[in-house]
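If you read the sequence shown in this note's numbering, its first letter stands for residue 18, the second for the next number, and so on.
Rather than coming from a laboratory, the hints here were simulated on the basis of the structure. Beta carbons: idealized from backbone N, C-alpha and C, even for Gly. You may find that some hints are simply not true.
[Claimed, not checked] Have a look at the derived ranges for each label pair, beta carbon to beta carbon: (1) 276 x 423: 34 to 40 Å; (2) 447 x 419: 17 to 23 Å; (3) 419 x 119: 36 to 42 Å; (4) 199 x 387: 17 to 23 Å; (5) 374 x 97: 42 to 48 Å; (6) 330 x 244: 30 to 36 Å; (7) 417 x 278: 34 to 40 Å; (8) 192 x 94: 20 to 26 Å.
[To be verified] Calculated pairs, BS3-like style, for lysine-lysine (alpha carbon to alpha carbon, straight line, at most 27 Å): (9) 24 x 203; (10) 21 x 233; (11) 24 x 253; (12) 233 x 253; (13) 203 x 346; (14) 21 x 253; (15) 346 x 428; (16) 253 x 203.
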Amino acid sequence: MPVKLVKLFNDLRASYWFIPFCMLICAILLAVLMRWLDGAQLATALPLLPWIKASGTEEARAILTVIASGVLGVAGVTFSITIVAVSFASSNFGPRLIGNFMRDRGSQITLGTFIGTFVYCLLILSNVHGKAKISGARNIEAFIPYFSIILALVLMLASICVLIYFIHHIAETLNIENIIAAIGLKLQRRINDVYPGPDPAEELLESPFENLIRGKPQYNVTVDRIGYVQAIDHEKLACLATDNHLLISVHYRPGDFVSTHDCLMSIWSESNPEDLYDDWRECLASGQQRTEHQNVLFLVEQLAEVIARALSPGVNDPYTAISCLNWYKTALAEYVVNAAADNDESHWHRRRIQLLPVSFDRLTAVMFDSTRPYISSDSNVVMHTLAILCECACLARPGDSRDTLISHLEKTHRAAVEHAGRGLEAESITARYS
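Please build the complete structure, drawing on both the sequences and the hints.
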């Protein structure tokens, strides 16, 4: 998929207005359809409920007015609760988690249901009129849109059910365990996307990338925008490189910040491909904030931020940090068991493109190096971290991945012992490490 469409899709997902706006349009179309059905006088062909059929114009207006005013008031309360929840999550769990709440489908559908019901009742209300006589013209008969009123009552019942669901849903959304689990599941899926393992059907280059570019002219493509790299269209890059017999080295990965005149990528070609520079730049989508798309480190940093806040002196919640570490363990186990065991640099040099991958060293550094100052301050979290690193190292095959995990095991032990000093805690930590 082109990166522009990917960026648009991600922006719409992160917006709070898109789904309510679509439901608003559906409510308008539904009101037009129901007004047409009532105008066709099909109500006489169906056995209606007596208490609906006997309603006069004033009763019909009262029903629609009460429903419209009621759901509008509830919509305001719903929006206020959502803003409070977002503010609470931002201050307690970290501002980078706001996007998770903004993308919450339950809150968006709830708001869209209330707004749609209000607009529907308002449009139908304008179609109710009593009997009138215009001078010099024929009399106007009273008109009561029976079908539309019945549907308005159905929408009112649906709004009540949605309100009950929303109260339960917002409480579940603010549960820290659910927040951590949602990020952890995304991280597990993203690990498989970033480290899919080698494809047997895909051919590697005949020679190392450095040998192929030796002696060829190098051309640099600069960045023409400012912001975070959100997505890179690898397929389009591969097609451009193959069709024009080029070799490309991309210098940034999704999540990196770029500014004007930074070197986005280097191209090696026999002739100057200056006429293709705009095509190269179109392979990159950027924005004012980082996203989780193609960026596994963003999810890791979200969990790291929760760990840092949980272990801060003002909060001191080691069990929340342990929950985050459990999902770190899941992601690491996914890598060492299912990802490429021979995930060397040649894996990233296929199809004439040299990418800037997130190595396992980089992944584990963000997980443990950035959180070690906070982890080492709590013996319970230290014990759990040592156990997780040991278990993942046992799952890993002999090689760089296992050595990296053992290195973090040793660093965590040293940092925890230095923080604990001499005492029972230091002895317990050393025993666990042994």
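Now for the hints, and whether the structure bears them out:
| no. | hint | in the structure |
| --- | --- | --- |
| 1 | 276 x 423: 34 to 40 Å | 39 Å, holds |
| 2 | 447 x 419: 17 to 23 Å | 22 Å, holds |
| 3 | 419 x 119: 36 to 42 Å | 39 Å, holds |
| 4 | 199 x 387: 17 to 23 Å | 21 Å, holds |
| 5 | 374 x 97: 42 to 48 Å | 44 Å, holds |
| 6 | 330 x 244: 30 to 36 Å | 35 Å, holds |
| 7 | 417 x 278: 34 to 40 Å | 36 Å, holds |
| 8 | 192 x 94: 20 to 26 Å | 21 Å, holds |
| 9 | 24 x 203 | 18 Å, holds |
| 10 | 21 x 233 | 32 Å, violated |
| 11 | 24 x 253 | 15 Å, holds |
| 12 | 233 x 253 | 23 Å, holds |
| 13 | 203 x 346 | 14 Å, holds |
| 14 | 21 x 253 | 12 Å, holds |
| 15 | 346 x 428 | 17 Å, holds |
| 16 | 253 x 203 | 26 Å, holds |
Checked against the numbered hints given earlier, this structure breaks only hint 10.
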